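Trainee: Residue-level listing of the chains:
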Amino acid sequence: MTMKDKYKKVAYYPGCALEGSGHSYNRSTKAVGKALGLDLVEVKNWNCCGAMEVKNVDPKLQTYLSSRVMSIAANEMDMDVVMAPCNGCYHNLKKAEHDLANDDDSAAVVDRLSKKAGHKTYESGQVETIHALDWIKDAIGEDGLRERVKNSLEGIKVANYYGCMYTRPRHIFPEKDQGNGSESTSKPHFMDDLLAAAGAENVDFPLKTACCGGAHTLSDSDTSTKLVLNILRAAKLSGADVIATECPTCHTGLEMHQIRAEKKYGEKVDVKILYFTQLLGMALGLKPRKVGVHENISKSMPLLKEKGLA
Amino acid sequence: MRTLADLEQAIEAVRTDDPVLAANELLAIGEEVFEHWITAKGGTPTDDSREGFRLLALHRQGTKGEPSFNACRETGRELAYYYNLITLDPGAVETTDRAAMMKMISSHLYLFISGKLQVAALGDFCCSSKPIRTADAQLQDPEGA
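Same order as they appear, the protein sequences are chains A and B. Residue numbers for the first sequence follow my numbering, beginning at 632 and rising by one. Residue numbers for the second sequence follow my numbering, beginning at 96 and rising by one.
Calculated directly from the structure, the hints in this document are not laboratory data. Predicted model only: the values in this text are computed from it and were never measured. Heads up, some of the hints might be wrong.
[Unchecked claim] EDC-like cross-link-like pairs, simulated, lysine to aspartate or glutamate; straight-line CA separation at most 16 Å: (1) A:Lys-867 to B:Glu-189; (2) A:Lys-675 to A:Glu-650; (3) A:Lys-867 to B:Asp-192; (4) A:Lys-639 to A:Glu-759; (5) A:Lys-639 to A:Asp-709; (6) A:Lys-640 to A:Glu-673.
[Stated by the list, open to error] Over the 10 Å line for every Cβ pair with chain B, so calculated as not near, a few chain A residues: (7) Lys-635; (8) Lys-665; (9) Trp-677; (10) Glu-785; (11) Gly-810; (12) Asp-824; (13) Tyr-896; (14) Glu-898; (15) Lys-899; (16) Asp-901; (17) Lys-921; (18) Ser-929.
Glycine residues also receive a C-beta, built at the ideal position from the N, C-alpha and C atoms.
Bound conformation, chain B alone (with noise of 0.2 Å):
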C-alpha cells in the first residue's frame, strides 16, 4: 500500500490523454485510499465487491460505526459512475474530459479522507476540530482549570 502522501502525488501524475489507463489508475487509488481508513481503524480492507466495484464495497466496510464517513459515499459513486462512463464508452467525445473530472472526484476523495484521518476522534456525521481544539486547551491549560 502506498503512502497518503504518494497517493496524492500519483493522482497529481495521472495522465489523461489515455482515458481507460487514466480511469483504472485512478480507481486503483481510490481503493488505496479506503484501504488506508480501514486499516487505520483496526480492520482488515475487503476483497469483496458491490454492485461490480471493490471501491463501494471498501466505502460500506469503512462506514461501520462511522457515520459521518458517510459523507463520502457519492464521492466514492461518482467515482465508480466516471470509470463506466470512460471504459464502457472510450471512443465518447467527452471521454478526456471525463478522466480530467474522475481525477478531480479522486482527488476529493483523497482531501476528505485524508482530512479525516488527521482528527480522528470525529463529532456525529460531520467534521470536526474538537480533537485540535482540545489539544491546544490543554497546551494552554495543563491544570485542566
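Extracted from the complex, chain A is given alone in its bound form (with noise of 0.2 Å):
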C-alpha cells in the first residue's frame, strides 16, 4: 500500500481546543478532506492529550492519555494512521509514542492505568500519528492539489506560521529532515508548498517557528501580546496580507493578542490570520462560511472579497 492510498482514511483525532476556540480549524479541515475525497473517522470516545497542564504535572500520567486514544484506535477502530490537527495533540502523541518505545517506566505506568480503565494497552508502534500537514502533503500532494484548485489563491501574500510545537524537540520527529522531500525541523515548508500549490505566494517569513507566547498567555499576558505583535510586525514587514496558521493555541494567540496590543499599546498591525485549511477550502472552491471564516475573530472577509474568494 503507498502512503497516497494509508492516508486515504484515517482516523481523525480533533482534541478539545478544536472543539472550542479552534472550532473553525474542526470545520475547516473536515470541510477540506470531504472536498478531497479523504475519510476522516473519529477517534471514538476520545479524550484530552494531556496538554501542557497534565504534562508539566505528571508527563507519565500525559502519555497515557496520549496512548489512550491511540490504543483507541488501533484496537477497538482498527485504524493504523491517527490524524491529529493540533500541534499540540500531534507533539503529545509524537512524544507518548517515543517514550512508550524509549522509557521502561513510561511503559510500565502506561499498562498499569490501561488496565485500571479497562482498556488494552497501546504498544508502541501500532500506529502513525500525522499531522493534518503530512495528511493532505501526502495523501493529495502539490500535484493532486493543483488539478482541483478552482478558486486560485493567486495575489494572496502568505507568511505561513508554524509555531514551536510542530518540529521540536526534534528527537519526537524521526521521519522529519530526512532529506528529499521529507519535512524539515529548522525550516519547515509543508504549509509553504500546499499553500503555493493552490497559488498563494508565500513571504520569507524568519518568525515562522518562533514562540507565539501561548502557554504564558494567562500568566504573563504582556510577554505573550509583545511576543505576538513582534510576530504580526514582521509578517507586515515581510510584505504578507495573512498570516497562515496550523495550530489553535497559536492562531488563537495571534486573534486576541493582535487586539490586546491596539488596546494596550495602541499599535494595529493589519494582518490578517487564517488556518492553512481555510485557504485551501477556498482555494478548491468551497465558500468562506463552509470553512468557517465566520468564527474567527481576526476580520478576514474584507480581503476575500478583494481577493475574489468570497
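Both chains are sitting in their own frames, so use the hints and assemble them into the complex.
Mentor: See below:
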C-alpha cells in the first residue's frame, strides 16, 4: 500500500481545542477532507492528550492519556494512522510514542493505567501519528492539489506560521529531516508547499517557528502580547496579507493578542489570520462560511472579497 | 554586561538607516541576551564560535541540560542569517528592510529569553507557567491542604 492510499482513510483526533476556540479549524479540516475525497473517522470516545497542563505536572500521566487515544484507534477501530491537526495534540501523541518505545517506566505506568481503565494497552508502533499537513501533502500532494484548485489563491501573500510544537523537540519526529521530500525541523515547508500549489505567494518569514507565548497567555499576558506583536510586525514587513496557521493555540493567541496589542500599546497591525485549511478550502471552491471564516476573530472577509475568494 | 531592561531599550534604539552598523549592534545585543541566560544558570559564557558566530556557540551552551531552550535555536540562526545578508551585501535594495527585520528577530530573542528567565523552573520542551501557579497556590493555601 502506498502512503497515498494509506492516508486516504485515517483516524481523526480533533482534540479539545478544536471543539472550542479552534472550531473553525475543525470545520475547515473536515470540509477540506471531504472536498479532496479523504475519509476522516473520528476516534471514538477520545480524551484530552494531556496538553501542557498535565504534562508539566505528571509527564507519565500525559503519556497514558495520549496512548489511550492511540489504543482506541488501533485496538477498537482497527486504524493504523491517527491524524491530529492540533500542534499540541500531534506533539503529545508523538512524545508518547517516543516515550513508550524508549522508557520502560513510562511503558509500565501506561500498562498499569490502561488495565485499571479497562482497555488494551497501546504498544509502541501500532499507529502512525501524522499532522494535517502530512495528511494532505502525502495523500494528495502538490500536483493533486493543483489539479483540484477551482479558485486560485493568486495575489494573496502569505506568511506561514508553524509555531513551536510542530517540530520540537526533534527527537520525537524521527521521520522529519530525512532529506528529499521530508519535513524540515529548522525550516518547515509543508504549509508553504501546499499553499503555493493552491496559488498563494509565500513570503520569506523568519519567525515561522518562533514562540507565540501561548503557554504564558494567562500568567504573563504582556510578554505574550509583545511576542505576538513582533510576529505580526515581522509578517507585515515581509509583505504578507495573511498569516496562515496550523495550530489552534497559536491561532487564538495571534488573534487575541492582535486586539490586545491595539488596546494596550495602541498599535494596529493589519494582517489577517487564517488557518491553512481555510485557505485551502476556499482554493478548492468552498465558500468562506463552509470553512468557518465567520468563526474567526480576525476579520478577513474584506480581503477575501478583494481577492475574489468570497 | 548591560541589564535586560537596558537591552530591551537598546534594541528599540537601534537605527536602521545605517544597516551594517545596526546589524553589528543587534548581533552584539543577541550575544548579551544569551550571556544573561548562561550566567543565570551558573555558567561562564563561552568565547568560542560556531559557523563563525559566537552567538550560535552561546545558544548551544545555553541549551545544555535545558531542551526547552532549543525553542529559540531558529531565532538565533535567523539573526545570524540576517547579519550575513546585510553585511555581505550592504548595497542590496532590501538592506534597510533586512535591518528592520533583524531588529524584530532580536526583539523576539530578547522577549523569549527574558520571559524564560522570569519563570526559571520550566516544563519539558515548552514554556510553563507552573512555578507561577504553584506560588499562587501556596499563597492561597499555606497549609498545603
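Trainee: Looking back at the hints listed earlier, which ones does the structure fail to meet?
Mentor: none
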